[in-house]
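Enquirer: Sequence:
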Amino acid sequence: MTPYVTNQSLGVKRVEKGKVAAREPVSVELQAGKEYWWCACGRSKNQPYCDGSHQGTEISPLGFRAEKSAEAWLCMCKQTANPPYCDGSHKNINLAEETD
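Note that the sequence shown ends on residue 99 in numbering that gives the first Met the number 0; no numbers are left out.
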């Protein structure tokens, strides 16, 4: 069982994949019951969390709540099929796919 759950009631949409923020995932310690907002656009200066930099794009942050306290690997390439968690997609990124 995973240590986290995506909270659908946080009202999040994700229309397109964001720009690559980093080519490796980041390890974070999630706290049980705490709400997090994962940056999906790749523009946040507070990676892997949202700082509002998605304003004016078609991408919204992904809200989730930790089910229990545990370490989690959050995606930084923003190409994961299992947001906000890393699924190894960063291994398949070509430099041509990265955007500024």
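Hints are not guaranteed to be accurate.
Quick list of in silico lysine-lysine cross-link-like pairs, DSS-like style, CA-CA up to 27 Å [claimed, not checked]:
no. : residue 1 : residue 2
1   : Lys44     : Lys33
2   : Lys44     : Lys16
3   : Lys16     : Lys33
Hints in this document: simulated from the structure, not taken from any laboratory. This structure is a prediction, so every number in the text was calculated from the model and none was measured.
Enquirer: Compare the structure with each hint and give your call.
Expert: Results of checking the hints against the structure:
1. Taken as a hint, the Lys44 and Lys33 pair is honoured in the structure, with Cα atoms around 21 Å apart against an allowance of 27 Å.
2. Our distance criterion of 27 Å between C-alpha atoms is met by Lys44 and Lys16, whose separation comes to about 17 Å.
3. The hinted pair formed by Lys16 and Lys33 meets the criterion: a straight-line CA distance of about 25 Å does not exceed 27 Å.
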